[in-house]
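> Turn these sequences into a full structure, and let the hints guide you.
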Amino acid sequence: MDNSEDLKGYRGTARNLLIAHKARVWGDVVVQTTQGEFTGIILPRSETADDQHVVLKLPNGYNIGLRVDTIHKIEEVGYKKAHYKIPEKTFPTNPLKANVTLLGTGGTIASRLDYRTGAVIPAFSPGELYGAVPELVDICNLNTIKLYGEFSENIGPTHWMGIAKAVAEHIEAGADGIVIGHGTDTMHHTAAALTFMIQDPPVPVVMVGSQRSSDRPSSDAALNLINACRTAGYSDIAEVLVCMFGPTSDQYDLLHRGTRVRKMHSSYRSTFRTIGERPMARVSPSEIVYIREDYHKRRRDDRSVKLFPYFDERVGIVYYYPNMKPNVIESMIDNGYKGIIIAGTGLGHVNKPLYPALKRACESGIHVYMTVQTLWGYVQMFVYDTGRDIMDLGVIPTDNMLPEVAYVKLGWVLGQTHDREEVKKLMLTPVSDEITEREPIDGYLVMQGGLPEMDYYFKSYKR
Amino acid sequence: MEANFDPTAYKMKSGLEVHHQIYTKKKLFCRCPAGLYSTHHDAEVLRHMRPTLSELGEYDGTALMEFKTKKNVIYLLDRQSVCTYEMDDTPPFPINQEAIDIAIEIALLLNCKIVGEVHIARKQYLDGSIPTGFQRTTIIGWDGWIPYKDRKVGIIQLALEEDACREVSDIQHTITYRTDRLSMPLIEVVTAPDMKTPQEVAEVGRVIGDLLRCTGKVRRGIGSVRQDVNVSIEGGCRVEIKGVPRIPLFPTLVYHEAFRQHQLLHIRDFLIGKLTSREHFKGDIFSLADQQDRFHHPLIKEAIHDRGAVLKGIALRGVKGLLNATTQPGLTFAHEISERIRVIACLDHLPNLIHTEDHSGLGLDLEDMKLVTNSMRLKPDDCGVLVWGSIEDTQTAAQEIIARVEEAFDGVPHETRQARRDGLTDFERILPGPDRMYPDTDSPPTALTVERIEIIREKLPPQPWVMQEQFVQEGISPHVAHELSTSPNRLLALKLMEDKGVSPKLIAWALTELQKSLKRKQVPIAQLNDQHWSKINDLVKNKRIYREGLPNLIAYLAHHPFDDPEDFLTAQNLLPLPPTVLAQTVAKISEQNVQVKLYKEENRPKVLMGLVMHELRGRASGEQIWLCVQKQSQKR
Ligand SMILES: [Zn+2]
Numbered sequence: 001m002d003n004s005e006d007l008k009g010y011r012g013t014a015r016n017l018l019i020a021h022k023a024r025v026w027g028d029v030v031v032q033t034t035q036g037e038f039t040g041i042i043l044p045r046s047e048t049a050d051d052q053h054v055v056l057k058l059p060n061g062y063n064i065g066l067r068v069d070t071i072h073k074i075e076e077v078g079y080k081k082a083h084y085k086i087p088e089k090t091f092p093t094n095p096l097k098a099n100v101t102l103l104g105t106g107g108t109i110a111s112r113l114d115y116r117t118g119a120v121i122p123a124f125s126p127g128e129l130y131g132a133v134p135e136l137v138d139i140c141n142l143n144t145i146k147l148y149g150e151f152s153e154n155i156g157p158t159h160w161m162g163i164a165k166a167v168a169e170h171i172e173a174g175a176d177g178i179v180i181g182h183g184t185d186t187m188h189h190t191a192a193a194l195t196f197m198i199q200d201p202p203v204p205v206v207m208v209g210s211q212r213s214s215d216r217p218s219s220d221a222a223l224n225l226i227n228a229c230r231t232a233g234y235s236d237i238a239e240v241l242v243c244m245f246g247p248t249s250d251q252y253d254l255l256h257r258g259t260r261v262r263k264m265h266s267s268y269r270s271t272f273r274t275i276g277e278r279p280m281a282r283v284s285p286s287e288i289v290y291i292r293e294d295y296h297k298r299r300r301d302d303r304s305v306k307l308f309p310y311f312d313e314r315v316g317i318v319y320y321y322p323n324m325k326p327n328v329i330e331s332m333i334d335n336g337y338k339g340i341i342i343a344g345t346g347l348g349h350v351n352k353p354l355y356p357a358l359k360r361a362c363e364s365g366i367h368v369y370m371t372v373q374t375l376w377g378y379v380q381m382f383v384y385d386t387g388r389d390i391m392d393l394g395v396i397p398t399d400n401m402l403p404e405v406a407y408v409k410l411g412w413v414l415g416q417t418h419d420r421e422e423v424k425k426l427m428l429t430p431v432s433d434e435i436t437e438r439e440p441i442d443g444y445l446v447m448q449g450g451l452p453e454m455d456y457y458f459k460s461y462k463r
Numbered sequence: 001m002e003a004n005f006d007p008t009a010y011k012m013k014s015g016l017e018v019h020h021q022i023y024t025k026k027k028l029f030c031r032c033p034a035g036l037y038s039t040h041h042d043a044e045v046l047r048h049m050r051p052t053l054s055e056l057g058e059y060d061g062t063a064l065m066e067f068k069t070k071k072n073v074i075y076l077l078d079r080q081s082v083c084t085y086e087m088d089d090t091p092p093f094p095i096n097q098e099a100i101d102i103a104i105e106i107a108l109l110l111n112c113k114i115v116g117e118v119h120i121a122r123k124q125y126l127d128g129s130i131p132t133g134f135q136r137t138t139i140i141g142w143d144g145w146i147p148y149k150d151r152k153v154g155i156i157q158l159a160l161e162e163d164a165c166r167e168v169s170d171i172q173h174t175i176t177y178r179t180d181r182l183s184m185p186l187i188e189v190v191t192a193p194d195m196k197t198p199q200e201v202a203e204v205g206r207v208i209g210d211l212l213r214c215t216g217k218v219r220r221g222i223g224s225v226r227q228d229v230n231v232s233i234e235g236g237c238r239v240e241i242k243g244v245p246r247i248p249l250f251p252t253l254v255y256h257e258a259f260r261q262h263q264l265l266h267i268r269d270f271l272i273g274k275l276t277s278r279e280h281f282k283g284d285i286f287s288l289a290d291q292q293d294r295f296h297h298p299l300i301k302e303a304i305h306d307r308g309a310v311l312k313g314i315a316l317r318g319v320k321g322l323l324n325a326t327t328q329p330g331l332t333f334a335h336e337i338s339e340r341i342r343v344i345a346c347l348d349h350l351p352n353l354i355h356t357e358d359h360s361g362l363g364l365d366l367e368d369m370k371l372v373t374n375s376m377r378l379k380p381d382d383c384g385v386l387v388w389g390s391i392e393d394t395q396t397a398a399q400e401i402i403a404r405v406e407e408a409f410d411g412v413p414h415e416t417r418q419a420r421r422d423g424l425t426d427f428e429r430i431l432p433g434p435d436r437m438y439p440d441t442d443s444p445p446t447a448l449t450v451e452r453i454e455i456i457r458e459k460l461p462p463q464p465w466v467m468q469e470q471f472v473q474e475g476i477s478p479h480v481a482h483e484l485s486t487s488p489n490r491l492l493a494l495k496l497m498e499d500k501g502v503s504p505k506l507i508a509w510a511l512t513e514l515q516k517s518l519k520r521k522q523v524p525i526a527q528l529n530d531q532h533w534s535k536i537n538d539l540v541k542n543k544r545i546y547r548e549g550l551p552n553l554i555a556y557l558a559h560h561p562f563d564d565p566e567d568f569l570t571a572q573n574l575l576p577l578p579p580t581v582l583a584q585t586v587a588k589i590s591e592q593n594v595q596v597k598l599y600k601e602e603n604r605p606k607v608l609m610g611l612v613m614h615e616l617r618g619r620a621s622g623e624q625i626w627l628c629v630q631k632q633s634q635k636r
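For the protein sequence lines, the chains are A and B, in the order given. Counting from 1, one number per residue, gives the positions in the first sequence under my numbering. Counting from 1, one number per residue, gives the positions in the second sequence under my numbering.
Take these hints with a grain of salt, some might be off.
Claimed, not checked - Here are some chain A residues pointing at chain B (derived, C-beta under 8 Å): (1) G36; (2) T39; (3) D50; (4) N63; (5) R67; (6) H72; (7) R216; (8) P217; (9) S249; (10) Y252; (11) M264; (12) D455; (13) Y456; (14) F458.
Calculated from the structure, these hints are not laboratory results. In this text, a Cβ means the ideal position worked out from N, Cα and C, and glycines have one as well.
Here it is, written out as structure tokens:
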């Protein structure tokens, strides 16, 4: 690892060359090579790239890699360090507008380029982001707090509890709504965790991110943020929500309940979908249209939040596959796991060879719950004998709780109690729709192309 | 004034950017089929574009300006030709290696040096022509040259990039694009500004076009080539004329742009003469909404009554004479302003302004003029402009008009322009700077190994100019040599000439003149492959047929490509005549025509020659016949 900013990302041969010529990253240089002379700025190099090239930004804006063995002289004639920074603006406050607190945790809604890895890193402060989206001025008074600067995949229980506490604190301090900027990969895990940890909030708690980072002209970040701030400041739904693109077109966002939402595509803008239910509302810069009516209403005259920031990390998900060996379960028992969520096939099944291991798990006090890997639909273990056998081992079905939500919930429950009955009661009593009594007739929608009605839909709607 | 304008007197410089699609099976960053175009679409997507920061932390000027226009961008998607990559809903796949190889080949042909490592950059375009908002582009070669006259024209770089969408319509705040062409691989050849006259620009354009086509790896047909021409004169600045489809248009466009820059420098001097500097210029914006019903002018009336427009006035203080100063033949500075607000304020219903210096009879009448003068308090040295449209758009327009006049104090603004059919140009947008370039973080750098480059170099086809030289050495006239060196038959010609059996001149003739004449007669020449030509070559080499017999033989083979040419020769009685038979034939024809009176008797052998040639249709060479005819004449 290099620790010098001046040689950022360069190692081995390339690094030695730069040192030998007293050249450094961001140096404005003239390079003599066997192929002629170059002028440009030396850029940092991705740490994962080879040590045979030096990256130069040419005056016309292009970057090229020069082979180290062709370079015979580098002369620095200037120095231009990049200050990749969005103008941070101080926004006027308006007493007539809602006060929204934006908590930054990282992710692509708050990101910029990193020349070391050549990738996008979470580094825009919420204030910078605010500067990049001037429309926010017309919506609310924004208070911004940077909690973390983490990629979505690095967010875990500690962050969930930290975010929950920060949300409670800012609600109690008088915010009319909370917006949480978050990477999208695990946004639905965090949304579920916050739903359990912050109960009965008086105002909306809105999670938002982007599928196209804000360093791109076609980013969804701005519209998502605008819609999230509007939702936090003015919507009537005092719950934990995810606010992300409804269609892939720049039109409106959907508000999803934190326990029923899931990221369903690795890259689409419209990746977040409510599973087994309808979304809560649709929000655009001009309006909020409610889809469901059974939500917790905003309360204007109280600031109380029920905060449950607990989590036992000794929980895991087992995604069942045909011919899974019992040692998968056994290694979890031996490694001290206290809770296992199984994502079973069909109505909630695993194969027979797993039974003894599951039995041993239950007998040794591990809480084992069954969900379905089909995502849509209920666990139903009474239909077949296998299901009944599995229940007899001590495995408890969780109705239509999504596997990730069940994982988060079990960790949260075990953070509070290990009493078998108590755990079961908490697990099966929905906090907010993680289990629903009925699946609406339009709760399952995975549409298929090639049908006349879909051709019509595609042609007629900007999805 | 225009007729006497000589751009070379103002040190005109011009360069070219040639964009040419290349032949690959798939697109550049996804696995969609390349070159599948249709006007059908299955779905639409709506997007907006927002400026972002450059790598060095600044907003690009163009980017900010285009954001002002707030366009709804609609993409039409055809299931066959696009996937979710083109929709910007899937990140790029690894760059098409076939395309990189072609780009390396072309870069080497342009005498470029090849980069050690390919870095993909994003070139920002906020006009919506690319759904990501940027074009993925990369430099493959740089610092090359091509020969032109007795000098070299520099090649600054060769880039490989993805093509943009095709615009379908652009009406007010909605622009619609078709996405089939999007992400097609193309190369961009950028020349140095080494051309000094409008004619040279066209000629260099042809040299580059010939070179690209000679690889056989560039696409042909409508839309496969687009050329940008940049022009500057001394004291002016680099202005890019975008997307010129045809080379014959270059000279006029270049000439007119040089003229426009010359005029804008005059206008700069005129403004400085009046006000000394742009700081002393003042423009005032007036809302004329409460008086708009009092105007007579039909354009204003129609806009207000039919389209609910509001009227805005802009007073330009102290610059009287500016608006009707000539910029291009038949156009005035008012056109520069009109174009700016058409693009930037979306006032695309033309004409989109009226001004106080329009004396064409289409301007304001006396009463309207009085109204304008009073409401905007115009002094004798002021001029005024009226615009109409929505409140927001007219406000943008008013600010833009003032900004354009301020720019006029500096002479020629950096901008890109679009070619019109009449050889003049319209404003397109402010010329983007290097700020709009930033690295594509979705794509890793790719090292180009020395082996890879050398393997391509080994198989490189000869450049047309090298071939032409070779052909000339073989005794072929420069004109035919040029035609042959750029024709699809170039490599075939080289191969046949290497065989040394047939005179290079004859080969050149057969592959150029003869082919063209047969094509004109609807002979399906394309049916003939290299093997056919080798066979024909052998027949000529072995004196089985002579030049004069070739048209018939080739026409026959083109119609019957699976037949043996020997059979045809026999069947058609085209086999060479033994010398005795030839002499008999000449004698016979000579006898038959002995009574014919000639104007000049010394021409008799020539006449006889023609008659015999016609009779024999190539069964003997012209040389043999001539010898025979001369002998015959001597006998008499
Ligand atoms: Zn594609």
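> If you check each hint against the structure, which ones fail?
2, 6, 10, 11, 13
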